[in-house]
Amino acid sequence: MKLGKAFSDSLIIEEKREKRALRDESDSWWLGAGRALILATILTIAFFVLTWRLFALTVVDGRMYRLLADGNRTRELIRHAPRGMLLDRTGKPLVTNIVQYRLIRPCEGQGSACTVRLLQEEGELLEQKGLADGEFLEKDFRREYLYPQALAHVLGYTGEINEQELSDEYYSVRKYLSGDRVGRMGAEAYFEEQLRGRNGRELVEVDAAGKILRVLGRDPEASGEDVTLSVDARLASIAKDAFPAGFSGAVVVSKPTTGEILAIYSSPSYSPNAFSFGLSEGEYEQLINNPDMPLFNRAIGGAYPPGSTFKIVTAIAGLEEGTIKEHTTVEDVGVLRIGPFSFPNWYFMQYGKTDGVVDVVKALQRSNDIYFYKAAEWLGITKLVVWAKRLGIGAPLGIELAGEAGGLMPDPGWKAKQFDTSEDREARNDQWYLGDTYHVGIGQGYLLTTPLQVNAWTNVIANGGKLCKPTIKKQSKEHRAKGTECKDLGIKKETIELITEGMVAACETGGTGWPLFGFGVNVSTRQRIDEKNTDTLTPSDTSILAIPVACKTGTAEFGDLKNKTHAWFTAFAPVPKESRSDALLQGPTLQLEQQDALTGEPEISVTVLVEKGGEGSSVAAPIAKKILEEWFER
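Numbering (the numbering used here), first residue to last: 646 to 1279.
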């Protein structure tokens, strides 16, 4: 018989059903209301996070992002300032500033801008052609030198500042910017502080492509200061044109009483304009490796044996030390013999003749070697060295131009150090001999000087015994009156007069400076007295005015005796009345005012060196003559 479920079993089954029902209700809650609550919580948190972020972007960091946004639509352009002008002593411009444009575009892979190239085209034309996205033009200036060859070594040149210089403290403190131009050599470098202007800025609005839409603001640039130099552009041009083609050498022209440089020309020269346009690396290498060294300023940096121009120094030293006097004489016998060694006079070597008995004046007139051999012997090398150094030999004179050499004034101590090997000592090459003194006394041997130094000791005679520091800056009347740049060497008046007399005789008949014999220029009486009325002159108003010149020639041997000699010539004019001959050569008698015009202080000195040129009288003197003619014919 089949029995039914017991009551207890029914209770158990019912209990299981109730539990199943409760479990089903719990799952439904988690799947419904619970999930909704979690989602709402997440959304609430996200809302507050986004709200805070929005608040931070618009309020907390709003100013920063507004600036960044502005930066994306504005650009600051540099307005490069033009450099100040360089003027000659008459106010004539020596340079000019030419407008050019710098094409700027974004650097590849960088956020900054890069200069593509300096362009010579007008900016307006480039704008019309259209620029690529992000490109823009920056106005710039380049230097143009109006007397490029004649004044290259005085003016120097400029170049764009490089990255290394921008990081240098000197330039960073002075707020130099990329694209600025700086002086590299010469007056451009020395007067950088004055010539450099103050850059301006321009804030412009640009579109998404980087094209300028409008100018928002401008801080204008300020040009640099003008600098007036002591040089005379016309004289510098004459020096260049008069210098023989194919020869190296130098010309120095100055005002004896102030040391102001009127012209410096170094041959061969170069054009600073090449640097303004920009040289390629190859072009620059070719220029600096040129065997003729056009960048080298021979006038201040070249050291040469001065030849007979040094006899002025020997004469000063001997007269001041009393080892020679006005009437001290030496008989020229053609050749001075010391044991097996011979020391000839140039006149005997070339023509087989002698000058007979000579004193210091005639020795300077004839450039007699025998006299100055003996003068140096009586003086001694020690005293000669002392006086040479007083006159500026052996150290730079201090001109503003870089690269000045000091030359070499040899003495026994120098020679002992120079020849200090065991072989030298065994051969006694380290000893100082009388022959060494002879050679120095006539400007030969180990002695080396610069053309600038020769010009400086020429000026010592011209201005009565003062050594003036050479300068390329025009001196004011007040500065000239103070004479702070001139040092009185204490040379006796009698010494100056004797040497001047000998130098005047050298430029007159019987002297060695034959191209200057009878030197004179066509001058109008009215022009000398009233330069404003030169348009009414007639031929009858003109005369030939003799200009008294004091000069010294030099022919310097160097290296192998087979080499041609260096040609030297140095002179000053006019000579004070008491030391000169009559003022007139020919023509009608000049008025007294004209004669008096040439009795005052010397106006000009000229020193010329032609390397391997031969004799100073035939090669160097004609150059000086053309410069003097230009000066006095004005």
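Simulated from the structure, these hints should not be mistaken for lab results. All figures in this text were calculated on a predicted structure; none of them were measured in a lab. Any given hint might turn out to be false.
Calculated pairs, BS3-like style, for lysine-lysine (alpha carbon to alpha carbon, straight line, at most 30 Å) [what the hints assert, rightly or not]:
hint: 1; residue 1: Lys1114; residue 2: Lys1138
hint: 2; residue 1: Lys737; residue 2: Lys970
hint: 3; residue 1: Lys1060; residue 2: Lys885
hint: 4; residue 1: Lys1062; residue 2: Lys1111
hint: 5; residue 1: Lys1114; residue 2: Lys1137
hint: 6; residue 1: Lys1060; residue 2: Lys1271
hint: 7; residue 1: Lys1028; residue 2: Lys885
hint: 8; residue 1: Lys1271; residue 2: Lys737
hint: 9; residue 1: Lys1118; residue 2: Lys1028
hint: 10; residue 1: Lys1119; residue 2: Lys1132
hint: 11; residue 1: Lys856; residue 2: Lys784
hint: 12; residue 1: Lys1207; residue 2: Lys1222
hint: 13; residue 1: Lys970; residue 2: Lys1111
hint: 14; residue 1: Lys1034; residue 2: Lys1257
hint: 15; residue 1: Lys1111; residue 2: Lys1028
hint: 16; residue 1: Lys998; residue 2: Lys1034
hint: 17; residue 1: Lys1034; residue 2: Lys737
hint: 18; residue 1: Lys1034; residue 2: Lys784
hint: 19; residue 1: Lys1271; residue 2: Lys1118
hint: 20; residue 1: Lys1118; residue 2: Lys1034
hint: 21; residue 1: Lys885; residue 2: Lys1137
hint: 22; residue 1: Lys1137; residue 2: Lys1209
hint: 23; residue 1: Lys1138; residue 2: Lys970
With a cut-off of 30 Å on the C-alpha distance, tell me whether lysine 1118 and lysine 1034 pass.
holds (25 Å)
Given hint lysine 1028 paired with lysine 1111 - CA-CA distance at most 30 Å
Holds, because 19 Å separates the two Cα atoms, which is no more than 30 Å.
Restraint check for lysine 885 with lysine 1137, where alpha carbons must lie at most 30 Å apart:
violated (37 Å)
Straight-line alpha-carbon gap lysine 1207 to lysine 1222, limit 30 Å:
violated (43 Å)
Please work out if lysine 1118 and lysine 1028 have their alpha carbons no farther apart than 30 Å.
Not OK: lysine 1118 and lysine 1028 at ~34 Å, beyond 30 Å, violated.
Take a quick look at whether lysine 998 and lysine 1034 sit within 30 Å of each other, Cα to Cα.
Answer violated: lysine 998 to lysine 1034 is near 35 Å, above 30 Å.
Under the criterion that the straight-line Cα-Cα distance not exceed 30 Å, is the pair lysine 1034, lysine 784 satisfied?
Violated. Lysine 1034 to lysine 784 sits at ~52 Å, over the 30 Å cutoff.
For the pair supplied as a hint, lysine 1062 and lysine 1111, is the alpha-carbon distance within the 30 Å limit?
With a Cα-Cα distance of about 33 Å, the restraint between lysine 1062 and lysine 1111 is violated, given a limit of 30 Å.
Hinted pair lysine 1119 and lysine 1132, Cα distance within 30 Å:
With Cα atoms ~19 Å apart, lysine 1119 and lysine 1132 stay inside 30 Å; holds.
Holds or violated: lysine 1060 to lysine 885, with C-alpha atoms at most 30 Å apart
violated (38 Å)
Holds or violated: lysine 1028 and lysine 885, Cα atoms, limit 30 Å.
violated (39 Å)
Pair hint lysine 1034 and lysine 737, alpha-carbon separation not exceeding 30 Å:
violated (37 Å)
When the structure is compared with the earlier hints, violations turn up for hints 2, 3, 4, 6, 7, 9, 12, 16, 17, 18, 21, 22 and for no others.
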